[in-house]
Amino acid sequence: PGLLLRGFQSWFRLRLQSRSIGQTENVPPQYPDIVESTEEYKFVERLIPPTRIPSPPKHDGPTPSGWRPPQEPPPALPYMVRRSRMHNVPVYTDITHGNRQMTVVRRIEGDIWALERDVKEHLTQISGKTPLTQVNEVTRTIRIKGYFDKDLKSWFMDKGF
Amino acid sequence: MRGLNGLLRSWSRGGCRLLSTLSDGVLPSNLVVPADLADSSTIVKPSLEGPDLSVIRKCNVAIPSHLKPGQAWLESLRRYEDERLGLVDLHPDVFTVMPRIDILHEVAIWQKNFKRISYAKTKTRAEMRGGGRKPWAQKGSGRARQGSIRSPLWRGGGIAFGPRGPTSYYYMLPMKVRVLGLKVALTTKLAQDDLHIIDTLDIPTDDPQYLVDLARYRHWGSTVLIVDVNETMPQNILQATANLKTINLIPALGLNVHSILKHETLVLTLETVEFLEEKLLWHDVRYTPLYPFKLPYSDFP
Chain A
80 PGLLLRGFQS WFRLRLQSRS IGQTENVPPQ YPDIVESTEE YKFVERLIPP TRIPSPPKHD
140 GPTPSGWRPP QEPPPALPYM VRRSRMHNVP VYTDITHGNR QMTVVRRIEG DIWALERDVK
200 EHLTQISGKT PLTQVNEVTR TIRIKGYFDK DLKSWFMDKG F
Chain H
11 MRGLNGLLRS WSRGGCRLLS TLSDGVLPSN LVVPADLADS STIVKPSLEG PDLSVIRKCN
71 VAIPSHLKPG QAWLESLRRY EDERLGLVDL HPDVFTVMPR IDILHEVAIW QKNFKRISYA
131 KTKTRAEMRG GGRKPWAQKG SGRARQGSIR SPLWRGGGIA FGPRGPTSYY YMLPMKVRVL
191 GLKVALTTKL AQDDLHIIDT LDIPTDDPQY LVDLARYRHW GSTVLIVDVN ETMPQNILQA
251 TANLKTINLI PALGLNVHSI LKHETLVLTL ETVEFLEEKL LWHDVRYTPL YPFKLPYSDF
311 P
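These protein sequence lines map, in sequence, to chains A and H. Just so we're aligned, residue 80 is where the first sequence starts under this note's numbering, counting upward by one. Just so we're aligned, residue 11 is where the second sequence starts under this note's numbering, counting upward by one.
No lab work stands behind these hints, which were simulated from the structure alone. Since the model is a prediction, treat every value here as computed from it, not as a measurement. The C-beta atom is built at its ideal place from N, Cα and C for all residues, glycine as well. Accuracy of the hints is not assured; some may be wrong.
Stated by the list, open to error - Residues from chain H shown here face chain A by an in silico Cβ test under 8 Å; the list is partial:
id, residue
1, T215
2, P218
3, Y220
4, D294
5, V295
6, K304
To be verified - Label-pair ranges, simulated between beta-carbon atoms:
id, chain 1, residue 1, chain 2, residue 2, range
7, H, L47, A, I174, 46 to 54 Å
8, H, L77, A, R131, 48 to 56 Å
9, A, G225, H, Y301, 45 to 53 Å
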């Protein structure tokens, strides 16, 4: 490898000398300059994801999953339940201690106590007994004992929220 | 509960004046009112012939159909009397959210503590010089049994459970909590009549006394925070506020809950309002980040 390096250095010196001689005669370079092309970048650009969640497309009739868009304009009730950022009804299940099952309704605006009354009335009709509920006015949520997420989701969608 | 409902209703109406929450307008006898409370009912403003009620600026982002925009007067710093030049619409999801004081506390405490590194350090009995030899025999001397002269019981000994080395109190609140903190702070300022909107930062002189007199004429409060979008601001206002301690200028990127709560009045320019609405409302409609937002996305600058 030492011999090779010395051989390369002498070859390089010879090339430099030949280059300095050649510039006066305008010899075209053996290797062209590097050319940067930005035309293929469109294939990269279309893979970069967006940050904003798009609004759902307009469906005629029910969707296969049972999802329905919120009613335009919102129903004339003293309360309002806004959809989540993924356009779903904000009813969630919660479980603690392995056996304490709860349902949480979030994103409530307006008169929370009226909504709590209506929810209690509806769930009494369905299950026969009145479920225990907790209203949190600061965080605007209602917590209900037991799993009622499917019933409440369809009830909210029927109401138009 | 009725009082809470009434307070919440008056909050949503956009004003939290002292007397309007009570029906008969008489203060209760056990209410302690500070002497320097700026109650808007005792301040007499000169009545104008017909203030221009046209909305000068509408929100660029769409407002949900069940909400009404918050409103504030457009003012100007150019003259003393430019107080009610028109109405400015403010997006309800930024300027009229629920008044979550617990979130304000969380964000303010986070701002105070996450930068803290305490450098306190004490030596334990292992790090103290000496103390390797047993001072006297275990039995026979009549004194208590001791293993080393640097045990925490001894004078000059190591500290048993003292502070150990630089401790960092760094933690990050979720991005959405910090954003909500800003929204709640802006809501609080608007609801308590401490938010003012101006068109530009141009003032006629670079005399600091002009700004102080203007703030006193308009009953703004003892401390004022003026926010603009760009860092480059007109020379007049930079000169005027350079040596003033109570009136401060910041760019919109430097807006934070601690500064908003520290200053009694918040003054925003129209461009700042647009910037804040755009940035703060984006967090309500964004995906969770696949990779950090500082890397390029297709619709995020």
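Results of checking the hints against the structure:
1. T215: violated (45 Å)
2. P218: Because about 42 Å separates H:P218 from the closest Cβ in chain A, which is outside the 8 Å limit, the hint is violated.
3. Y220: Violated - the Cβ of H:Y220 stays beyond 8 Å from chain A, reaching only about 43 Å at its closest.
4. D294: holds (6 Å)
5. V295: Since the shortest Cβ distance to chain A is 5 Å, the answer is holds.
6. K304: violated (12 Å)
7. H:L47 - A:I174: 46 to 54 Å: holds (48 Å)
8. H:L77 - A:R131: 48 to 56 Å: Violated - the Cβ-Cβ distance for H:L77 and A:R131, about 20 Å, lies outside 48 to 56 Å.
9. A:G225 - H:Y301: 45 to 53 Å: violated (40 Å)
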